[in-house]
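**Student:** Sequences and hints are given; from them, build the entire structure.
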Amino acid sequence: MGTTDRFERVPSLPTSTRDRQSLVLTLLAGSIALTLLTPMLWVVLQASQVPSDQILEILLRQETLDIFLNTVFLVTAVTIGSVLVGVPLAMLTVQTDLPFRRFWTVVAAMPLVIPSYIGAFAFISATGQGGAFTDVLAPIGIERIPEIDGLVGSAITLTLFTYPYVYLTTRASLLSLDGRAIEAARSLNHSRLSAFRRVTLPQLVPGIAAGALLVALYTLSDFGTPALMQYDVFTRMIYVEYDAWRLDYASIFSLLLVGMAIVILAAESRIERADEEDAYVNRGTDRPGTISLGRWKGPALAFCSTVALLALVVPPAILLYWLGRSAGGIGGGYEFQWIYAWNSVYVSSLAAGVSVLAALPLAYLSARGESRWASLPERSSYVGYAVPGIVLGLGLLYFTLHYVDSLYYTVDIIVFAYVVRFMPQAVGTLRSSVLQTDRKLVEAARTLGHSSLSAFRKVVLPLVMPGIIAGAALVFLTSMKEMAATLLLRYPGFETLATYIWLVRSSADYGDAALPALVLIGVSGLSMLVLLWRGYDVQE
Amino acid sequence: MTGDNGDSDGGTSDGREKSSRRRFLATSGVTAVGAVAGCLGGPGASGDSSSGNGQMNEFDLGSFRGSGPFVSSRPEPSGTSIRDLPSLSGTFGVALGGGEGGLYIDLFEQFEEIYPDLTIEHRTAPSTDLANTIKQEADADNVQQDIFLSVDAGSLGFVADAGATRQMSAEAISSVPSSFKDSDRNWVGVAGRARAVPYNTNDLSGSDVPSTVQEFPEADALQGSMGWAPSYGAFQSFITAMRLIHDDQTAIQWLEDMQAAGVETYADEFQVSQAVADGDIDAGFANHYYALRVKAWNDDPPIELAFTRGDAGALVNVSGAAVLTGADDTEAATDFVRHLLSAEAQEFFATRTYAYPMIPGVQPVGDLPTVDELDAPDIDLAQLSDRGQTLDVMREAGLSV
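Protein chains in written order, with the working numbering: chain L, 1 to 540; chain A, 1 to 401.
Each hint should be verified, as a subset may be incorrect.
Derived DMTMM-like pairs: lysine to aspartate or glutamate, alpha-carbon spacing no greater than 20 Å straight-line [what the hints assert, rightly or not]:
1. A:K135 <-> L:D405
2. L:K297 <-> L:D97
3. L:K440 <-> L:E370
4. L:K440 <-> L:D19
5. A:K135 <-> L:D248
6. A:K135 <-> A:D161
Treat the hints as calculated values from the structure; they're not laboratory data.
No experiment lies behind these values; they were computed from the predicted model shown.
**Tutor:** Next comes the structure, spelled out in structure tokens:
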């Protein structure tokens, strides 16, 4: 306490300068948040053209209620599923003597590189009658794997490809866990389980919640999986109505979707913000001791392997199976070109860089701001993450054509779309990093004569670097997979791996789509290694 | 994989399959191709071409024509040859709706090979996306492309209503029957697809299939053995046609009666057709070309097509083209559309996508009835865009759309 008191007594800066700096930060964060919300203008405009009695009629239809409930079921199922898969994997890889721990650490995060639409497509084509599984398993007497679709199929697929968000955030929390608190609890005669429940879990909850938030919002916005699994959620119905030329219905469904996102954001705020400074701040380097798995080693390995098999082995194996059976001459008129891979990497890298830059002020203000509104810009940036790509694309189309004509038909607008959609992932990781840096270190730098900018550069930046890299990698990964908005916003001659997959998707020869899909997974996989080695694991 | 609820026109991978197969057939095909090209004037015989300005390379019909089971005994196409059209040069921006597995790109490449000064820049996306994009561009007075090539007439009507199209000359589209083009000449069909009833020839004969869809729920031979794909765009257009011909109530009643008679649901109409060939169901509802693809890819599958008469089941929808306000030179853009209606391009659509040609001089493949034998209902095809109400009708009948 003595040190703290001493720092607090330092007459650092005149209050007016401080206020001005905080005002600048607030204005900056506010304008970034507003810029990110511009695509929503179109949705609101569309919806405002619908007569109010018709809005009421749409809202009160049984159909709308069904879609709403379906969406709630799916989001709940995927979020719970991701926690049930992601948290044990994080604990096994951080805290136990799991064999080949480094291997499993990497493997458990990898499903993030596989687009859920490819996963869903693989599962659908592999199961059921005549699926690839049937061919492979017939010799060992398994006649037929039941087809997975609907709620169960969507929930399983989305869980398998989004649980890494929970895994990664939980892992980060575990790595910054203060081992001394657990030892204290143990010395006070608490059992291991009780120490976990009373000391470890409360410290993990904000991390788990941050990951669960990303999972829930991703599920809300994902179109490919429920569409392929024929499960009627808001994203699918937005598309069906849009495709049937009913933009009014589509816009109202979009607003309902945004409303659900806001409810989820508010709920997560309450969990995460409860007592987070205590939970996050890394005061010491003492890590909890390793737990010996003993006879649980076998089941633990079986659990890790099953998840890896379903999420990481099955989809690429099926892609290879198609590629092997392909008639050759990939893509017909749309010949595959490596420039597509470069385009994907190029726009995704730009999106990652811009996202991190834009996320810093939001994250910093949210973590350090004193006003109760300080988190508003950060929270509002999550709205874009929950909006389906098609809606975002149309919104941006409207905005550029009417207000910034010069951006139309440029790479910039595609990058901006990715930033709107995926920046929240960077905001999340950056915010945790900022929270983990002890603010007293900054004060100390200031007392040593550094300007606030210099203190930020010399003290804060190195400490939040893992968060920056992790955030950039997450934005990069998701941008690589983006399809719907890119299709609308790209200009002639510009294709990414994802849009190329769309171009050849209607071909009955799945081999055409298998090659770009494998390239997409390969490139994303490499960047995932960066995330793991330079980002989350830096403290290990 | 982004959901394409709309129609996917004609052939997809078959085009590519053929382009790879073409290499193998190159030697055996030379004589046939030479013979056919000879009928059209032959390579190098450009004396009758009206192309005075701009360069033109020699070409033969073989590069437009597919190969495989449906092509071997075809008569040569008649109609306006590319050789008799004004030549194309410069750069054309084409908004190309639908994936098509690259097939239309093959056609564009043929054009580019013929005209060394021609460049075609295509922007390919789902037709609905493009139509909405073009509308927004038109609202901002900033239409980018010269031509819109869409897989459905609904998108073309939508774009025309948005004021984004230019009228084509009557002469340019005169070879297309009036039911397949806009009466104000804002768009024209370039390839047709017919609703059809694929049936399994081991289980049924053609006479077991009633001549109107309204009789299907009561047909003894079809009880509990039919299939459909209600979430598929082409099926929804069929129900829209039923609503337009009769009314919503008739459509709801029919959908309910069909369900009572027993009908299996599939994700798309290729699956319906494949299920018919596999004997999983006896008959189904699908666009005509899926059965042809099943035939092309399997060894003599037991599948044939029946067509109903004069009702929604006999609907013929089109892929079509429109000249957009983004075109600097309406006449040149119209010439581009005329190339899509040339004998060679129509032969391309017929043999490579199994689509219905739009001009009388080109026959559909195989033993398909010609388009005037089909007895299609008299419907303004642009009205098929009224799919929203159809969704409500289908939901009311208890179907998931």
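**Student:** State for each hint whether it applies.
**Tutor:** Hints, one by one, checked against the model:
no., hint, in the structure
1, A:K135 <-> L:D405, "15 Å, holds"
2, L:K297 <-> L:D97, "8 Å, holds"
3, L:K440 <-> L:E370, "16 Å, holds"
4, L:K440 <-> L:D19, "19 Å, holds"
5, A:K135 <-> L:D248, "15 Å, holds"
6, A:K135 <-> A:D161, "9 Å, holds"
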